[in-house]
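Enquirer: These are the residues of each chain, in order.
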Amino acid sequence: MSKSKLEKRRKAAITEWQKLDKNKKPVIIFGTGTCGTAAGALHTMKKVKCILADLKVDADISEVGCIGPCYLEPLMDVKLPGKPRISFSNVNESKAEKILKKFFVDDEIPKLGLVGHFGENSAFNGEVPRFFDHPMLKPQVRLVLRNCGIIDPAKIDHYLARDGYLALEQVLSMRWEDVLEIIKQSGLRGRGGAGFPTWMKWNFCRQAEGDQRYMICNADEGDPGAFMNRSLIEGDPHAVLEGLVIAAYTIGASKAYIYIRAEYPLAIKRLQNAIEQMKELNLVGENILGSGFNLEIVIKEGAGAFVCGEETALIASIEGQRGMPRTRPPFPAQSGLWGKPTIINNVETLGTLANIIRGGTDWYTGFGTEACKGTKTFSLVGRVRRTGLIEVPMGTTLREIIFDIGGGLFKEFKAVQTGGPSGGCLSEEFLDTPIDYENLAKAGSIMGSGGIIVLDRDTCVVDLAKYFLNFTQQESCGKCVPCRVGTRHLVSILEKITRGDGEMEDLEKLEHLGESIKRSSLCGLGATAPNPVLSTLKYFRSEYLSHIRDKRCSAAVCRELVEFRIIPGKCTGCQACVRVCPTEAITGPRSEPHNLDESKCIKCRACYEICKFDAIAGDAIVIVSGDESISN
Amino acid sequence: MAENSKIKLTFNGKEVAAPAGVSVLRAAEINDIFIPTLCYHKDLSIYGGCRVCIVEIDGMRGYPLSCSTIAADGMVVITDNAAIKEIRTELVQLLMSEHPSSCLICGESVECRQFMKTVRKSGVASGCRYCPNDDQCEFQDVVEHLEIKKVNYPVIYRGHEAEREDPFFDRDYNICILCGRCIRMCQEMRGTGVLAFNYRGPKVRVGTAFGRDHIDSGCEFCGACISVCPTGTLADKVSKWDGIPDGQITGTCPYCAIGCQLEIWHKDGSFSKALPSNDPEVNDGQACLKGRFCMSEVSHHFDRARKPFAIVNNYWKEQTWDEAIAKASDALKDLKPGEFSMLISPDLTNESLYTAQKFTRLVMNTNSIDSTARLDLGGGLPFWAGLFQNQITIQSIKKSSKILAIGLDTRFNFSIVGVEMRKARNNGAEFVSINSRISNVAKYAHSWIRPQPAMEGKVLRELIKALDGNKVTKATLKNLLQDDGKSFDEAVNLLKGYDDLTVIFGPRIFKYSDTSDLTTTLLDLSNRKNVRVIPLYYGTNTRGAMDLGSFPELFPGPISINDKKGIKKIESSWKTNLPTDGGLTIDQIISGEKKPKVLYLVGAVPFFERPDCDFIISQDIFEPDFKVDLHLPAASFLETSGTLVNMEGRVQESVRVEELPDSVMYGRARPDWWIFSEIARKIGVKGFEYKNSAEILDEISEIADGFPKSGMITRELDTFTKTAKIPVQSPVSNDIKKKGKFLLIMQPGGYTYRGIDIRSKVEGLQILNPEMGFFINSEDADSLGVKQGDEIIVKANGVTGKAPVQSGTEIPPGTIYLYVPQSYGGLKDCRELQDLYNLKVNPCYAEVSKVGI
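Protein sequences appear in the order of chains V and F. The numbering of the first sequence is this note's numbering, which starts it at 27 and goes up by one. The numbering of the second sequence is this note's numbering, which starts it at 15 and goes up by one.
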């Protein structure tokens with residue numbers, strides 16, 4: 027009954043989707059994920075409505091999720107009748123007006139902010155580049171993100187039209203053992219960071235004794251600089267939910283939780299909306315599609331504790347306890363939520379499932395390396411030219427990600443931090459390492475959930491380690507001693523070094539303490555917390571040494587180690603710096619080189635910035651660390 | 015695996031046995047193998063926070079925690095080697111960097127302890143003593159075991175202010191090592207959840223929700239958290255500086271009928287502190303604030319009457335015991351029946367109660383002995399005698415699948431039962447509460463039925479009717495409930511089809527003048543096969559008092575005054591004839607209906623003013639507030655031994671802790687039975703040649719069923735004491751005057767011990783300030799224009815009372831509550847409530863006005 031209803035709906039959806047392609051009216055499409063919204067997409071959208079009214083153009087406005095290149099946000103696509111979408115970047119209100127006037131008044135394709143068009147290359151006779159030929163997008167393989175930025179995430183019809191829930195239908199007609207076998211063959215490993223084989227975990231749970239099992243989707247993405255899960259849920263919530271139902275079916279769970287940070291309001295809204303739509307089509311609830319399988323999905327909002335991404339802490343949080351990890355064994359697969367067998371999978375793992383079922387294991391294992399199959403999404407951020415959400419096959423090198431997809435850096439490459447605050451900081455020598463769980467671990471970092479933070483020579487690695495350690499320290503739940511007290515001492519030693527009070531034995535202390543925290547912590551948070559220190563000590567030891575021995579910070583970041591100087595030959599005495607100095611440290615008559623009184627200087631950088639960008643002289647003020655000028 | 019099956023495992027090359035299913039750490043603990051740990055506690059769940067208990071186990075990667083690894087047969091464990099020690103040292107050093115550590119690593123500490131015996135709070139020349147737990151600290155033990163002499167990390171001082179505002183115990187979270195034991199104790203064992211971790215990262219600390227004080231957080235002040243604290247973070251105010259105690263004796267708590275077993279610690283011959291004993295039969299390692307904290311201040315109070323006194327030539331003069339006994343015998347001999355009456359507290363030991371009634375019946379030749387317990391036993395003695403026919407146990411509560419609690423608040427009184435009920439709830443029991451007022455039970459109950467005040471009995475009757483399958487109409491319920499009946503339906507759904515129902519009722523509902531519905535329903539329930547009725551009442555040894563004849567109508571053994579055969583048996587045992595008079599009851603004496611010439615008050619002070627008598631003897635641990643002719647100082651629970659019967663009918667030992675010589679300082683208090691015997695001997699009556707309480711118990715065991723011989727007392731409840739059945743009397747109807755718009759509801763107070771209200775002696779209870787004065791609804795208070803603590807005048811049924819008022823939203827609008835203590839000793843401030851206390855109608859209508867208007 028309900029199956030045929032779904033069939034009917036899908037047919038209608040496909041027709042609708044095709045109709046969309048042969049639209050009679052122009053369609054203006056905005057990327058209104060959190061990234062687009064933050065960049066001002068909603069303001070632009072509001073303005074566009076007015077412009078269209080002014081121009082007397084009858085056009086539809088549609089919203090999609092994040093398509094990836096966040097640095098181009100807000101992205102606005104214009105789809106003229108019978109033509110594919112054309113994407114424009116960084117569209118603010120005035121730019122939107124120019125673009126639309128060009129389209130609808132001048133009847134031309136504007137060049138302003140043009141990124142490319144969707145669809146086949148022949149569409150515009152080569153006049154306009156293809157969107158997916160963009161250097162950031164071309165090397166990517168989009169399986170998990172296939173719908174992100176393409177479909178309207180608020181419409182289940184869009185998802186259905188693009189083969190949505192076909193995999194679920196197929197799974198519901200199979201025995202759970204067979205589904206498990208497919209996942210086993212696919213070689214899928216947990217995308218939350220640890221890379222444990224998904225089928226094996228499921229199997230433990232399925233084999234565990236218990237009348238009730240629980241399925242949990244871990245959407246508590248808390249790493250600074252990571253947003254893969256958020257973007258996926260915002261852009262394609264049904265992909266995650268379909269995976270959730272498939273997983274619940276396979277492990278035999280009748281209740282599923284989505285544990286999501288309350289800081290992701292849009293993602294939560296998308297999920298709530300999607301679950302309501304699923305209920306209408308009997309994709310969740312009692313007797314799903316007549317298969318006899320029941321599943322209830324509950325959204326549980328987390329209160330923003332980083333540690334609640336750890337599975338036992340997450341379980342405690344759902345139970346209404348304080349989010350504190352507990353000792354394992356027993357593992358959640360044996361005794362998890364309310365003491366029942368429980369599986370916790372990351373958003374991306376679940377987002378992959380339907381692809382595997384639909385595409386088959388042979389197709390899926392075609393991507394990736396021997397040990398790690400498939401693709402992985404990353405959030406590429408930091409001092410890289412093209413930031414955003416990307417998806418590449420496992421085994422792609424860091425160099426390809428940073429220099430091809432990311433377009434390289436503005437300044438000289440220094441390091442890359444993978445895996446967020448729990449990960450390690452890798453130097454140039456690892457740029458050609460193919461990324462998978464094992465290789466990153468070998469290098470002293472982790473895959474983590476997939477944040478890639480690129481650093482250039484303006485980043486001080488000691489300061490970076492201090493930043494991450496401070497983060498883990500603040501987010502430690504306080505339960506186990508090494509994590510609670512150990513990280514605190516790590517931070518205080520790092521503070522001492524960045525202050526210029528470091529001693530040589532501090533390095534030993536850091537290593538010793540770091541190792542002992544790793545060895546004896548209760549959960550993953552503590553066990554990986556020292557990684558930023560240990561990896562930077564390993565690959566950037568000279569920088570620590572120069573902080574300690576030479577009292578020099580080569581990136582000119584550590585305030586106590588730098589001095590501001592005026593180069594008399596360059597200074598024209600324009601007095602711009604005198605005006606901005608808050609402590610009257612700079613003095614001097616007009617048109618004569620100024621003096622900087624170091625005893626009064628608080629190193630606020632105001633003079634430096636104004637001299638660099640505004641002042642007549644330019645670059646007359648330099649930051650010096652350890653008797654060496656390093657800034658320009 | 016069977017519970018008692020054993021496994022074998024090897025610790026450091028030595029093979030040992032352990033029960034299956036325990037952790038490696040517990041297996042080591044059982045076999046006296048020391049594995050250092052700080053957060054593990056055998057009674058609490060596994061935590062794994064301190065990481066110090068790491069071991070090496072063959073076939074396991076790294077260093078597993080022994081606390082969270084289940085011991086398996088054939089396991090090979092290394093508990094200590096260089097690598098393990100290094101990791102442990104590192105961890106403990108990290109902890110030490112957060113913990114003031116001069117007590118741990120000071121080079122002088124060994125010598126210092128030897129010479130430092132002064133008890134002071136601040137550092138003095140003889141050594142520093144800022145932590146009450148010095149030398150009794152588990153953290154010190156671990157540091158010593160690991161031979162740590164220095165800390166490689168800078169010291170982090172948290173800078174918390176020590177918390178001393180709450181009663182009974184102090185908290186200094188600067189020395190807390192965040193092991194979480196107190197929290198687990200509070201959440202898992204007590205089920206109260208007052209304590210939790212607050213904040214994250216370096217700011218983590220133990221505390222209450224929103225940093226409120228413990229009083230407002232619902233703390234029961236049971237002190238269980240203190241018992242498990244490995245450091246000196248939590249310490250009880252009274253005994254914290256006592257140092258290491260000399261030893262401990264297990265005895266019964268003197269304060270209520272639950273009869274908790276306590277480990278009573280003593281130092282230099284004097285009581286130090288009482289901790290709950292891990293007695294599996296009654297309290298299972300838990301206690302309430304009375305047993306845990308209130309013993310010292312009552313027994314050691316400066317006001318204690320420790321010497322005999324008498325009025326000599328109009329002066330209140332100290333007497334020797336010989337003089338005092340002579341005075342008593344002069345006053346008592348040659349009295350006719352009806353001229354003498356003894357009122358006795360149910361808090362005395364069996365031995366003293368037995369001797370008292372024997373004294374009255376043999377020496378005074380009358381049945382005029384009555385117990386103040388009668389004031390607490392609402393519904394009448396026959397009802398209670400009926401309830402006591404059936405065996406009940408406290409430990410059965412946690413096993414039952416349905417629980418119905420009526421008129422019960424377990425925050426400060428009966429908190430052991432509260433703990434057991436929460437255990438049952440956590441085991442999956444359905445839990446319904448019937449209470450006209452909010453109580454802590456309502457927080458844990460699945461459904462809370464709110465009857466109109468005084469309608470609890472009728473609601474119970476209707477509930478049982480509904481459970482029995484009868485229809486209960488909305489119209490019937492309408493006048494009985496404060497809400498629309500939804501909770502009633504909920505409760506019916508929760509409890510219906512019960513096959514194992516535990517009904518627990520508290521004393522709140524038995525002060526009402528009409529208890530007929532309650533008594534009939536509860537008696538009916540108590541006789542059903544699948545129902546257990548557990549009565550909670552005030553009066554420590556009330557059951558002993560009933561079984562040993564502290565009432566005119568009851569004789570020792572299950573013998574009532576109508577039981578001619580039974581009385582014959584006693585006569586032959588005592589070799590004399592027993593009096594046949596009806597005796598005077600306490601009600602007759604309080605109301606002034608009967609006026610005995612000589613009144614003998616044994617731990618009973620049911621008056622504010624001296625009653626109209628020729629001669630009054632008081633025999634108690636404190637002197638009453640009115641003039642008496644002779645005061646005989648009784649030994650307190652710490653100074654005498656004996657037995658008590660708890661609510662289960664279990665005979666338990668009350669032990670003597672203090673055996674201090676007669677002196678100016680310690681006084682000359684004597685056990686009650688000794689005083690009775692001396693007077694009897696002086697008068698010249700035989701049968702009182704007791705040398706110790708054990709001889710009396712032996713005599714009791716001959717006469718009364720269920721009482722063991724001395725030295726034969728066991729913890730198991732093989733047999734319970736028997737109470738004589740008494741025929742039900744028809745209830746006395748009272749004249750109710752319906753005047754006033756407030757409903758005055760009187761409830762029994764729960765802090766009486768012998769003749770005093772212990773709130774007057776224990777400072778902590780004064781801070782908690784429970785049950786003092788009137789309680790009214792906040793809105794009513796506003797409309798009357800009274801603030802918290804203002805005095806109000808309440809006129810009801812022709813009498814007037816004046817006292818301060820406390821208001822709260824939890825009091826139903828239109829009602830005014832007043833707690834009635836059973837003894838008035840120490841309650842001088844409540845003198846103006848006397849007439850209300852003695853009111854025979856409850857509830858009744860009352861007029862309320864503010865003082866000064």
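In short, the hints are calculated from the structure, not lab data. Where hints are given, some of them may not hold.
Derived Cβ-Cβ restraints for the label pairs, each shown as a range [claimed, not checked]:
id : chain 1 : residue 1 : chain 2 : residue 2 : range
1  : F       : Ala97     : V       : Phe357    : 46 to 56 Å
2  : F       : Ala97     : V       : Phe222    : 24 to 34 Å
3  : F       : Gly803    : V       : Pro356    : 46 to 56 Å
4  : V       : Gly346    : F       : Lys413    : 17 to 27 Å
5  : F       : Gly88     : V       : Leu571    : 43 to 53 Å
6  : F       : Lys457    : V       : Lys37     : 35 to 45 Å
7  : F       : Asn441    : V       : Pro356    : 12 to 22 Å
8  : F       : Lys543    : V       : Gly346    : 52 to 62 Å
Stretches of chain F that chain V covers, calculated by requiring three or more beta carbons in the stretch to come under 8 Å of a beta carbon on chain V [what the hints assert, rightly or not]:
id : segment
9  : 67-78
10 : 361-375
11 : 845-857
We put the CB at the ideal spot given by N, CA and C, even for glycine.
Enquirer: With reference to the structure, classify each hint as holding or not holding.
Expert: Outcome of the hint check:
1. Under the hint 46 to 56 Å, the C-beta atoms of Ala97(F) and Phe357(V), about 26 Å apart, miss the expected range.
2. Take Ala97(F) and Phe222(V): their Cβ atoms lie about 28 Å apart, and the range 24 to 34 Å holds.
3. Distance hint for Gly803(F) and Pro356(V): a CB-CB separation of about 54 Å, consistent with the stated range 46 to 56 Å.
4. Hint check: Gly346(V) to Lys413(F), Cβ distance near 26 Å, so the stated range 17 to 27 Å holds.
5. At roughly 51 Å, the beta-carbon separation of Gly88(F) and Leu571(V) lies within the given 43 to 53 Å, and the hint holds.
6. For Lys457(F) paired with Lys37(V), a C-beta distance near 55 Å fails the hint of 35 to 45 Å.
7. For the pair Asn441(F) and Pro356(V), the supplied restraint of 12 to 22 Å holds, since their beta-carbon distance comes to about 20 Å.
8. A hinted range of 52 to 62 Å for the beta carbons of Lys543(F) and Gly346(V) is inconsistent with their spacing of about 38 Å.
9. Given a C-beta distance limit of less than 8 Å, the hint that chain V covers the segment 67-78 of chain F holds, as 3 residues qualify and 3 suffice.
10. Restraint check on the segment 361-375 of chain F versus chain V: 0 residues with Cβ-Cβ distances below 8 Å, three needed, restraint violated.
11. Residue count for the segment 845-857 of chain F with a Cβ under 8 Å from a Cβ of chain V: 0. That is fewer than the three needed, and the coverage hint is violated.
Checked against the numbered hints given earlier, this structure breaks hints 1, 6, 8, 10, 11; the rest are met.
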